[in-house]
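Colleague: Protein sequences appear in the order of chains A and B. Using this note's numbering, read the first sequence as starting at 1 and increasing by one per residue. Using this note's numbering, read the second sequence as starting at 310 and increasing by one per residue.
Worth double-checking, as some hints may not be accurate.
Said to hold, decoys possible - Below, simulated SDA-like cross-link-like pairs (lysine to any residue); rule was C-alpha separation at most 20 Å, straight line:
no., chain 1, residue 1, chain 2, residue 2
1, B, K317, A, G213
2, B, K317, A, A212
3, A, K225, B, V321
4, B, K317, A, N119
5, A, K225, B, R318
6, A, K225, A, H209
7, B, K317, A, K302
8, B, K346, B, I496
9, B, K317, A, A217
10, B, K317, A, E210
11, B, K364, B, L376
12, A, K225, A, A212
13, B, K317, A, A291
14, B, K571, B, V560
15, B, K571, A, N119
16, A, K302, A, A291
17, B, K346, A, I143
18, B, K571, B, I496
19, A, K225, A, S303
20, B, K317, A, Y216
21, B, K571, B, R466
22, B, K317, A, F112
Stated by the list, open to error - Label-pair distances were calculated between CB atoms; the ranges are:
no., chain 1, residue 1, chain 2, residue 2, range
23, A, Y216, B, D471, 38 to 48 Å
24, A, L276, B, K346, 33 to 43 Å
25, B, V554, A, I204, 28 to 38 Å
26, B, G443, A, W82, 34 to 44 Å
These are calculated hints, taken from the structure and not from any lab test. We put the beta carbon where it would ideally sit given N, CA and C, even for glycine.
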Amino acid sequence: MTLTEAPAPPAPAAPPPAARPRRRGRLTPYWLLLPGILWLVVFFALPMVYQASTSVQTGSLEEGYEVTWHVGAYWDALSGYWPQFLRSVAYAAAATALCLLLGYPLAYLIAFRAGRWRNLIMILVIAPFFTSFLIRTLAWKTILADGGPVVGALHALHVLDVTGWLGWTAGDRVLATPLAVVCGLTYNFLPFMILPLYTSLERIDGRLHEAAGDLYARPATTFRKVTFPLSMPGVVSGTLLTFIPATGDYVNADLLGSADTRMVGNVIQTQFLRVLDYPTAAALSFILMAAILVMVTFYIRKSGTEDLV
Amino acid sequence: MAFVNWLKRNLVVIAGLLTLGYLLLPNVVVTVFSFNKPNGRFNYAWQRFSTDAWKDPCGVAGMCDSLGLSLQIALWATLGATALGTMIAFALVRYRFRARGAVNSLIFLPMAMPEVVMAASLLTLFLNMGARLGFWTILIAHIMFCLSFVVIAVKARVMSMDPRLEQAAQDLYAGPFQTFVRVTLPIAAPGIAAGALLAFALSFDDFIITNFNAGSTVTFPMFVWGSAQRGTPVQINVIGTAMFVVAVLFVLVSMAVGNRRKRRTA
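Chain A with its partners taken away, still in its complex shape (with noise of 0.2 Å):
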């Protein structure tokens, strides 16, 4: 089985969707669809296009704004912000590459190893959702004060040195250094990893297993060769959703960080919300926009894993 086949949401299988063609009512879906799509179009894409055009407008806040195709606002935020930019994609796609390493396990004894315990282990993950997670966040801030039981153990297992020299801690902090929002982008986006994966675990038969056993393959082989390939598409879509909202958020760097790892979301709230320097603002979410669809794009393209939906 390769990659490209592995995605395959019920599609045409099971009993057919309505195959029978209706006779009556050929407007029906258009009259199910017209609210939400209005909705979505008034709200989601019609914005994008007032973000558009605000990002190439001059103007003041006092005298008001024009649109004078001014793409300056651009290389403003490009050559003013590149290193927020630089430093978001790199927290998310480190943040994304833990949770995969976290998550896989998990993912894996609630499919697999969980036996009666599988619902319970369930309700623990999803349940955090129902809690605020601004609330989890600050909770971090205990967990990784400076001198508390976490940075004691840390230093003590000289890991501090470690990751003082690769640049990820300062001194004997952690709270305020990249590793604390590394940690608690991690923490917020796992569970985006943890039940896609569960979801494509959970479809694989359990009689492969047994196959690649009766064919003499160890454990660690059955893995590689069987379990992960098949356990693909949740790989690509609990990654996307962790990677899009990580590169996005501004609460664990502004929470656990400092000035020093500001990523891209805190420079697009600071502009809005603070310095009110709306043509800026407006670019760099664009940007981010931009960067991030081409990105996805180009990793789905290449993990064939194009029917996510």
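Knowing the structure of chain A, use the given hints to seat chain B on it.
Modeller: Only chain B this time, still in chain A's reference frame:
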């Protein structure tokens, strides 16, 4: 040697449980620190045990008002997004029509867009229209971003439905309306409920989009954000703990009800 073998065999379980611990650690900290009596404004270091905050959860100015507002917005956003989303899901699964691909992309895009981008662009729209930021702009935004998630959840359920059941109902002389209310809707209900639950959780917890489009209106996440700068009151941990407990209980109860119903029909 036996231990090493045991370790090898259960490596996945151990790693998975460690991840689960990582996932739940903040919840444990939130719970423990809801019983703290902090010295000064910041509730970041353990001082001593106290149940003061639990006895007086609304003792902080503005917090419970923001909580009520968040609940209200989440309720309306859930209603709106579930109604609109269910209709879209039915149209997508049950009908072949032109522009299906375009509709699918339009549903997918909000989920593939970083929240800041949506938040910022929505703000430019509201500013251009001269809309007053507050309850209504928040509600509009929440319905917008919850919509796609409802569509996905309901679609999954409707896709696995057997259309023959509805045909059977029609063969038994049920009208289209009767068929929908007595057959289609009950079967689709779990998907709709899942979508509604997701919408509620997303709306209630949303910070980024609300932050941009709330003006001076304060929802609960915005209250938490604001207090993070000034010093978080212990009561915030009380609310966080209560929300976690309520969520777990809610899921446990709904699962028990579902199991009993399954057993009864079996």
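Colleague: A separate judgement is required for each hint: does it hold in the structure or not?
Modeller: Verification of the hints:
no., hint, in the structure
1, K317/B - G213/A, "17 Å, holds"
2, K317/B - A212/A, "19 Å, holds"
3, K225/A - V321/B, "17 Å, holds"
4, K317/B - N119/A, "25 Å, violated"
5, K225/A - R318/B, "19 Å, holds"
6, K225/A - H209/A, "10 Å, holds"
7, K317/B - K302/A, "34 Å, violated"
8, K346/B - I496/B, "50 Å, violated"
9, K317/B - A217/A, "16 Å, holds"
10, K317/B - E210/A, "19 Å, holds"
11, K364/B - L376/B, "17 Å, holds"
12, K225/A - A212/A, "9 Å, holds"
13, K317/B - A291/A, "42 Å, violated"
14, K571/B - V560/B, "16 Å, holds"
15, K571/B - N119/A, "16 Å, holds"
16, K302/A - A291/A, "16 Å, holds"
17, K346/B - I143/A, "17 Å, holds"
18, K571/B - I496/B, "13 Å, holds"
19, K225/A - S303/A, "16 Å, holds"
20, K317/B - Y216/A, "18 Å, holds"
21, K571/B - R466/B, "17 Å, holds"
22, K317/B - F112/A, "16 Å, holds"
23, Y216/A - D471/B: 38 to 48 Å, "42 Å, holds"
24, L276/A - K346/B: 33 to 43 Å, "41 Å, holds"
25, V554/B - I204/A: 28 to 38 Å, "34 Å, holds"
26, G443/B - W82/A: 34 to 44 Å, "36 Å, holds"
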